[in-house]
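There are 2 protein chains.
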Amino acid sequence: MPDKRTPGSSSSHTIMPQEPAQADRFGRARQARSATLLEDYAELIADLLATGGEARTVDVARRMGVAHATAVKTIGRLKREGLVTALPYRGVFLTEAGHALADRVRARHRLVVELLVAVGVPVEDAEADAEGIEHHVSDGTLAAFAGFLQARK
Amino acid sequence: MPDKRTPGSSSSHTIMPQEPAQADRFGRARQARSATLLEDYAELIADLLATGGEARTVDVARRMGVAHATAVKTIGRLKREGLVTALPYRGVFLTEAGHALADRVRARHRLVVELLVAVGVPVEDAEADAEGIEHHVSDGTLAAFAGFLQARK
DNA sequence: CAGGATATGTAGCATAGGCTATATTCGACG
DNA sequence: CGTCGAATATAGCCTATGCTACATATCCTG
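Same order as they appear, the protein sequences are chains A and B. In case it helps, the numbering used here puts the first sequence at residues 16 to 168. In case it helps, the numbering used here puts the second sequence at residues 16 to 168.
Think of the hints as simulated: they come from the structure by calculation, not from any bench. The structure presented is a predicted model; accordingly, all values stated were derived computationally and were not measured. Positions of the beta carbon are idealized from the N, C-alpha and C atoms, including for glycine. Any given hint could turn out to be false.
Some chain A residues judged to face chain B by a derived CB distance under 8 Å, without partners named [unchecked claim]: (1) G42; (2) R78; (3) A84; (4) K88; (5) I90; (6) G91; (7) A115; (8) D144; (9) E146.
For each label pair, taking beta carbons as the anchor points, the in silico distance ranges come out as [claimed, not checked]: (10) A:H83 <-> B:L164: 40 to 46 Å; (11) A:P103 <-> B:R125: 50 to 56 Å; (12) B:D118 <-> A:A115: 40 to 46 Å; (13) A:E129 <-> B:R92: 34 to 40 Å; (14) B:T100 <-> A:D154: 37 to 43 Å; (15) A:R95 <-> B:A161: 42 to 48 Å; (16) B:V73 <-> A:E129: 19 to 25 Å; (17) A:E96 <-> B:G91: 29 to 35 Å; (18) A:A65 <-> B:A115: 43 to 49 Å; (19) B:V73 <-> A:V138: 30 to 36 Å.
Sequences and hints are given; from them, build the entire structure.
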């Protein structure tokens, strides 16, 4: 099948200005995916600290639904990124940056769930889906969510 | 700081019935993340086929914003999963399953963008965020979105 | 129809995030 | 105060998804 390239098609030699925009969107989605784990762990650790006074790797692993070795490795990444501190055999603690991240994530999560419920999503579905959705909600979108919820109160 | 464990904390020996639910949610979010790439590629390939009559790896790579070698590797995974077929140096084609997936993804994407716009998200933000959000929208949530949009028409 | 530009493919590397299996360390208790 | 179970850490493996560098095929054009 030789030469299907029609002028105006999306083939390589034709410059399509909207293509970079799409690539950017995918790139941003990829970046959000890579931040997802850090956000989830920070939020969970903050929750454990608030609830029980300490965050142990075994608890983190069980709540995340992963093997404890996986939790250890990820917590190592959090340490490298300056979000938590930990002494061997002594539990995990959030740095200031970690706390800030956890607070932001928690607020965003609540707002996403609220928005979903407000448009008619059953609460269980809202909670489940929000766990994935929240990481892709930009500040602008979050502000819009807040505005929408405010307006219908 | 010895022995911070207080009875009633979320420590390992206390069974907390809501914990498995949370682990399940994280597990589902992880699974959605792993399906994300396949969905994006299927949708993009369908788009290229519809627009230009063919889907070439170089076009896929540019639109996805990745190196062409990465696109080749991912297309290989799509082949393994039975979503596309490809002959060497001859472009990529969707199988029936691939087409079905692409159609579902496309419909879901449109609905997500519509919903976001309906609650006040600027169109550009809606398009950008939808790229990540859509993969985490379950059927139940999607139905709720459709109902909400229907109701306000 | 030859050669260079472009597309495609392959190889090898890195990181992230899973897992299991195997040490260690801790802490509680007889 | 020694021992044993639980928590923690480590090692090694796998897959997915990126990348760059290099090799090969295709196709367009002079």
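For each hint, the structure was consulted:
Taking 8 Å as the C-beta cut-off, the interface hint given for G42 (chain A) holds, the closest approach to chain B being about 5 Å. A hinted interface residue such as R78 (chain A) counts as satisfied when its beta carbon comes closer than 8 Å to some beta carbon of chain B; here the least separation is about 6 Å, so the hint holds. Given the 8 Å rule on beta carbons, the hint for A84 (chain A) is violated: about 16 Å separates it from the nearest Cβ of chain B. Taken as an interface hint, K88 (chain A) does not check out: its beta carbon lies about 15 Å from the nearest beta carbon of chain B, beyond 8 Å.
Against a cut-off of 8 Å between C-beta atoms, the interface hint on I90 (chain A) is violated, since the closest Cβ of chain B lies about 15 Å away. A hinted interface residue such as G91 (chain A) counts as satisfied when its beta carbon comes closer than 8 Å to some beta carbon of chain B; here the least separation is about 19 Å, so the hint is violated. Hint status for A115 (chain A): violated, given a least beta-carbon distance of 22 Å to chain B, over 8 Å. Annotation: D144 (chain A) was flagged as interfacial toward chain B, and the flag holds, the nearest CB pair being 5 Å apart, inside 8 Å.
Hint status for E146 (chain A): holds, given a least beta-carbon distance of 5 Å to chain B, under 8 Å. Checking the proposed 40 to 46 Å range against H83 (chain A) and L164 (chain B) shows it holds: the Cβ atoms sit about 44 Å from each other. In this structure the hint that P103 (chain A) and R125 (chain B) lie 50 to 56 Å apart at CB holds, the actual value being about 51 Å. Between D118 (chain B) and A115 (chain A) the C-beta distance comes to about 42 Å, which sits within the given range of 40 to 46 Å.
In this structure, E129 (chain A) and R92 (chain B) meet the distance hint of 34 to 40 Å, their C-beta atoms being roughly 37 Å apart. Checked against the given bound of 37 to 43 Å, the beta carbons of T100 (chain B) and D154 (chain A), roughly 42 Å apart, stay inside it. R95 (chain A) and A161 (chain B) have their C-beta atoms about 43 Å apart, which keeps the hinted 42 to 48 Å range intact. The supplied range of 19 to 25 Å is broken by V73 (chain B) and E129 (chain A), whose beta-carbon atoms lie about 44 Å from each other.
Distance hint check for E96 (chain A) and G91 (chain B): the Cβ-Cβ separation is about 32 Å, which falls inside the suggested range of 29 to 35 Å. The hinted range of 43 to 49 Å is satisfied by A65 (chain A) and A115 (chain B), whose Cβ atoms lie roughly 45 Å apart. As the Cβ distance of V73 (chain B) to V138 (chain A) is approximately 46 Å, the hint placing it in 30 to 36 Å is violated.
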